[in-house]
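Each residue of the sequence shown is one higher than the last, beginning at 75 in this note's numbering.
Keep in mind that the hints were calculated from the coordinates and are not lab data. Don't take each hint at face value.
Result set (DSSO-like, lysine-lysine): computed pairs, CA atoms no more than 30 Å apart in a straight line [what the hints assert, rightly or not]:
| no. | residue 1 | residue 2 |
| --- | --- | --- |
| 1 | K178 | K450 |
| 2 | K533 | K633 |
| 3 | K183 | K434 |
| 4 | K684 | K533 |
| 5 | K112 | K268 |
| 6 | K238 | K319 |
| 7 | K238 | K183 |
| 8 | K428 | K634 |
| 9 | K669 | K642 |
| 10 | K497 | K461 |
Pair by pair, the computed Cβ-Cβ distance ranges are [unchecked claim]:
| no. | residue 1 | residue 2 | range |
| --- | --- | --- | --- |
| 11 | K495 | K684 | 48 to 56 Å |
| 12 | V451 | T645 | 29 to 37 Å |
| 13 | P448 | A102 | 19 to 27 Å |
| 14 | R126 | K427 | 51 to 59 Å |
| 15 | E116 | K218 | 21 to 29 Å |
| 16 | K238 | G568 | 48 to 56 Å |
| 17 | E236 | E438 | 17 to 25 Å |
| 18 | K603 | K339 | 47 to 55 Å |
| 19 | A290 | K427 | 30 to 38 Å |
| 20 | E223 | R274 | 32 to 40 Å |
| 21 | T637 | S199 | 48 to 56 Å |
| 22 | D89 | S392 | 41 to 49 Å |
| 23 | Q298 | T168 | 45 to 53 Å |
| 24 | R320 | E265 | 18 to 26 Å |
Backbone N, C-alpha and C define an ideal beta-carbon position, used for all residues, glycine too.
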Amino acid sequence: MNTNDLNNIPLWNLDSLFASIDSAEYKAAVNETETLRKTCEEFLETADRFTREANSNFDFAQWLKTYLETEDKLIASAQTLSAYAYIVYSTDTTNTEYINNLSKIDELKNNIHQLEIKFSAILVSHQIYLEEFYNRFPEYAEYKFLLEEILEESKHLMSPAEEKLAGELSRTGGNAWGLLQEQIISNLHDENGKTFNEIRNDAFSNDPAVRKEAWAKEINLLSQNRIAIAAALNNLKGETVSLNKRRRWNTALDRSLFTSRLSRKTLEAMISVIEDSLPEWRKYWQKKAQLLKEAGTTASTSSQKGIAFYDLFAPLPSKNSSSTGTENSLLTKEWSFSDAKEYIIKEYNSFSKKMGDFAKQAFESGWIDAKVRPGKVGGAYDEDFPKGHQSRILTNFTGTFSDIITLAHELGHAFHFSCMKNKPAAFFSYPMTLAETASTFAETIVKQDMIATCSDEDKLKMIETDLQDASQVLVDILCRFYFEQSVFEKRSEGELNADDFCQLMKDAQERSYGDGLNEERHEYMWAVKSHYYSTDFDFYNYPYAFGQLFASGLYALYKKEGTSFAEKYCTILSNTGSMSCENLCLQAGFDITKKDFWQNAINMYMEEIKEFCK
């Protein structure tokens, strides 16, 4: 990238938020948030006192209205402060003032969380007055979903003393076991000092020998630490099984589905469609294995048709090396930031003017920080601010094809927030199942246009890249789902060790990948994925598949309905925080409890597999 292009990569403008963490406005916002927190605390103490005294003069409906009004201001203010504290830190991670400020805001957020627990108890003891509340204050009808969700969750809580003890013990129990796995993995390295994550990144290498060597090293390092990592997973899942019994959850999956606002019927419909598609995915891997063998770009000597685990992310060989480095190749061209801006606005506009105008606003209002520099975090994210209902997007732009996809993805998140502009702050939070909808949808718009307009060789590579990504989010996620199901079943019967986990992983890989893989597999994937080691969210897997297929299902509806779908799409996004996944979709006119929706969603990938294998 030339000097002029580098100079045109933007930093974001934060003037409409705060001048700095030392500014009078920022300090006033912190004080205001603390005042709102104390006000909410006083409201809760008043309600608790009236409850204990059985005072008949307590007007719960009026109290609830006032509390929700104040709480909404608190949520908006706290979210703005939290987002600002993080974004300034993320571009200057060695700044001790930013680190200390982040810690202070985290403490404030923890104190606010305690209010939620107290509010739940008040709501439970006064739930008979909720109908009166809705009748007197019909403008709060939308809150019915959130309040009923709190009441339902309260049925799965232990006593306050037990919940407090469980939280305290978790710091040296489940959370500590999860941290142990993280520390072991982050400190693994080979004999040359190459870190575990660097070794895993070699899975994308152009050199087949490097890919295979990295796979062998990875398995060797994990096997050397199998006892400690297995102990972490065994004990963490054991704690979950015990707590779920005490909290009256029938299974860990039931708890996960509740958190995801998803019904078991919907999950089963989606899983069934993915399972039906497995033979096609296996054809894709077998075809890729064939192409790699024909080009001599695999280190596998297996006689089986399936692909080696270490070749799943292998780049496709070029048929004509002279064509791949040209400026006409979307995959290999060097994009300037202005090119990226024009391209994404054009693609967003192809869906709707509203979406295109939003992207233009984000670019021109200084909402994007894309310049790579020391002290800045890697990767990309979107942070949303209730103050002024605006967003900020961080990326690390280097001019590659993947940077365009990343930018489109994060702008999709920001567009999602823009569609919620007229909602109270209480509805800005939505489940993981719906969190990736807008970003994946935006990404799909860009990818599908690129596939339709690029050269034949680029088209094959782009289809393969899309299938590679989708197969991880669908088939590998299904594998993880199978594995975790079997772990909970076996752990409820007794202790598990490394051999048990390896066998359960081999079984899960056979059920999902089948003969799409050859015998060179990875029985230690249970030790790698940090998602298995979360105490807050079990089955940290199927929401990814839901998000991918839900977005592609919406894209299929868009291709069927045309531009008229754009308004419906924005309505869906605006309601993601205020109803279940099923009701959200029924309101938009389709039923996700039926296989038809999911089949239409996955058909796009089935067509890509046909194109790839022909």
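Going down the list of hints, with the structure as the test:
no., hint, verdict
1, K178 / K450, "holds (21 Å)"
2, K533 / K633, "holds (20 Å)"
3, K183 / K434, "violated (33 Å)"
4, K684 / K533, "holds (13 Å)"
5, K112 / K268, "violated (50 Å)"
6, K238 / K319, "holds (17 Å)"
7, K238 / K183, "holds (17 Å)"
8, K428 / K634, "holds (20 Å)"
9, K669 / K642, "holds (21 Å)"
10, K497 / K461, "holds (13 Å)"
11, K495 / K684: 48 to 56 Å, "violated (41 Å)"
12, V451 / T645: 29 to 37 Å, "holds (34 Å)"
13, P448 / A102: 19 to 27 Å, "violated (32 Å)"
14, R126 / K427: 51 to 59 Å, "holds (57 Å)"
15, E116 / K218: 21 to 29 Å, "holds (26 Å)"
16, K238 / G568: 48 to 56 Å, "violated (29 Å)"
17, E236 / E438: 17 to 25 Å, "violated (54 Å)"
18, K603 / K339: 47 to 55 Å, "violated (27 Å)"
19, A290 / K427: 30 to 38 Å, "violated (53 Å)"
20, E223 / R274: 32 to 40 Å, "holds (38 Å)"
21, T637 / S199: 48 to 56 Å, "holds (51 Å)"
22, D89 / S392: 41 to 49 Å, "holds (47 Å)"
23, Q298 / T168: 45 to 53 Å, "violated (33 Å)"
24, R320 / E265: 18 to 26 Å, "violated (47 Å)"
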